[in-house]
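Novice: Spelled out, the chains give:
2 protein chains.
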Amino acid sequence: TFDHSYSLTSGTTSTELLKKLNEQRDIIALMEVKMKEMKSTIRQLRITEAKLREEVRDRDRIMSMAVLRKKHGV
Amino acid sequence: TFDHSYSLTSGTTSTELLKKLNEQRDIIALMEVKMKEMKSTIRQLRITEAKLREEVRDRDRIMSMAVLRKKHGV
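If you read the sequences in order, they're chains A and B. The first sequence lines up with residues 2 to 75 when you count with the numbering used here. The second sequence lines up with residues 2 to 75 when you count with the numbering used here.
Wrong hints could be hidden among the right ones.
Pairs count within a copy or across copies, as identical chains cannot be separated in the list.
Unchecked claim - Think about it this way: if two alpha-carbon atoms lie no more than 25 Å apart in a straight line, the pair counts; the simulated PhoX-like pairs of lysine-lysine are:
1. 71 <-> 20
2. 21 <-> 72
3. 35 <-> 72
4. 40 <-> 20
5. 35 <-> 21
6. 21 <-> 40
7. 71 <-> 35
8. 40 <-> 52
9. 40 <-> 72
Because the hints were derived from the structure by calculation, they are not lab data. Quick caveat, the model's predicted, so the values are computed rather than measured.
Please model the complete structure; the sequences and the hints are all you need to start from.
Specialist: Laid out in C-alpha cells, this is it:
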C-alpha cells in the first residue's frame, strides 16, 4: 500500500535517478542506525522493568512478613 | 561514511534504476512503520518504569513509617 511509485513518465534522466537512489541509500543507512539505538533502548528498559518488579515484590514480601509477625507474634 | 554508492559505470538502465528506486521506497516505508512501533514501545516502557518507581517509593515510605512507629511508639 505505497501510493506514489516513481515512474519513467516524469522524464527523469539516469543521473537524476542515480542521485535519488544514493539519497535513499543514505536515508536507509541512517534509519538502520536509529533502529539499532532504539532496539538497545528497549532492551535496557525491559531490564530496568524486570529489576523494578523484583524490587516491588521484595518489599511486598517484607511487609507481609511484618504483618504476620504482628498478628501472630511469630 | 556510506561505502558503496550507486554509479552509472555499471551500465544500468533507467528501468533498472527505477525498479531499485521503488524497492528502496518500500523498504523506507516499512522501516518507518517499524520505527513508529518501536517509539510507541519505548513510550509505554517509560510510563511503566515511572509507575514502578512510584510503587517502590510508596512501599519504602510505608515501611519507614512502620519502623518509626515501632521505635518511638508514634
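Novice: Now look at each hint and say whether the structure bears it out.
Specialist: Here's how the hints hold up against the structure:
no. : hint      : verdict
1   : 71 <-> 20 : neither (77 Å within a copy, 76 Å between copies)
2   : 21 <-> 72 : neither (75 Å within a copy, 74 Å between copies)
3   : 35 <-> 72 : neither (55 Å within a copy, 53 Å between copies)
4   : 40 <-> 20 : neither (30 Å within a copy, 30 Å between copies)
5   : 35 <-> 21 : both (21 Å within a copy, 23 Å between copies)
6   : 21 <-> 40 : neither (28 Å within a copy, 27 Å between copies)
7   : 71 <-> 35 : neither (54 Å within a copy, 53 Å between copies)
8   : 40 <-> 52 : both (19 Å within a copy, 22 Å between copies)
9   : 40 <-> 72 : neither (48 Å within a copy, 48 Å between copies)
Hints 1, 2, 3, 4, 6, 7, 9 from the list above are not met by this structure, while the remaining hints are.
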